[in-house]
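Protein chains: 2
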Amino acid sequence: MYEGAIQDLIDALGRLPGIGPKSAQRIAFHILQADPEIARALVDSIRTVKERVKFCVICGNVSEEDECRICRDPRRENTSICVVEESKDVIAIERTREFRGKYHVLGGAISPIDGVGPEQLRIRELMVRLGDLQVKEVILATDPNLEGEATATYLARMIKALDIKVSRLASGLPVGGDLEYADEITLGRAFEGRRSV
Amino acid sequence: MYEGAIQDLIDALGRLPGIGPKSAQRIAFHILQADPEIARALVDSIRTVKERVKFCVICGNVSEEDECRICRDPRRENTSICVVEESKDVIAIERTREFRGKYHVLGGAISPIDGVGPEQLRIRELMVRLGDLQVKEVILATDPNLEGEATATYLARMIKALDIKVSRLASGLPVGGDLEYADEITLGRAFEGRRSV
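Residue numbers (the numbering used here), protein chains in the order written: chain U, 1 to 197; chain P, 1001 to 1197.
Note that these hints are calculated values from the structure, not bench results.
Check before you lean on any hint, since a few could be wrong.
Which stretches of chain U does chain P cover? Using the computed rule of at least three CB atoms under 8 Å from a CB of chain P, they are [what the hints assert, rightly or not]: (1) 30-38; (2) 62-75; (3) 86-99; (4) 121-132; (5) 160-174; (6) 177-184.
The following label-pair restraints were derived from C-beta to C-beta distances [unchecked claim]: (7) U:Glu77 / P:Asp1044: 40 to 48 Å; (8) P:Ser1167 / U:Ala182: 33 to 41 Å; (9) U:Ser167 / P:Arg1095: 53 to 61 Å; (10) P:Ile1038 / U:Arg97: 30 to 38 Å; (11) P:Asp1066 / U:Glu119: 30 to 38 Å.
We treat Cβ as the ideally placed atom computed from N, Cα and C, and that holds for glycine.
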């Protein structure tokens, strides 16, 4: 145990996700010995995030305005909505440059074990948006794991009732991967989703 | 790329040691969604460390006073000094409860590749302390790697000239380890340093 302040910093850092006691100690000493400018930049950026960043009133993505950059963009199509779990997923999909529609961020996935039911997610907000007649297709891009699949199944049933096309991202072999090392479920999905060439 | 503030925070976090882009993103979203109290505690602890924590004028260990807790403690013996590279090493040795003397923190090890020579370390301060006739033994507890060994060899030569006993921490098999998995240098050292039972 260190004296007062440095131990407090180690403790505060150790509470962040993915930072163990050794990393916390290493980072604390880095901050201690670093240029005061570096510590100030870190402090300012934490405060600015807490003060300025909020969630888009339409899609739930992170934003510094009431409406996020994508929802504000008139070039984005209103006819398709891609439903994701988290803001991070929006960035991942944006990087592909494959999608020109709008997003809807649920804020998680249905997971009874963690006490997350449909009412904890932004599903009601999604259904309100779908009331808008413009939407022709909803792409369910929740994670390809148990919780993500359950959420997609739940949403698909509700959205189909509105007579809107619903699709799910394809599962299969990752590009650049090795067939031999694919797990059997992924390989099974790749067979199931095979396309004629 | 995210909008403004959240990306600034991801960048600031990504500059900390051992935090890659994915962890930086994960921590930034954690801070964004966490209770404001948690962000405030982190900000305050960073600022307090930068404002209050300094280095002991005697031994170079981290301290909130001019002299650190160990240097101030009258129960610690003045007859032996344990020389370490960093403050972290002081904590590691304190945990063993094997040492009742004082410390001297060098602030690193001799490493020509990183441009660290003896003059960049707190070696002059150590020699001044050894001028005090009370010191009977210096324990060199620099890391058992190339730089640490070089530093120990350098110091040993200087300190022996003052007619003070110099020792080095034992190298050998880690307790609870498996002989089969020991590297040959460690195993060689363990042979070299064998003790009669």
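So which hints don't hold here, by number, going up?
4, 5, 6, 8 and 11
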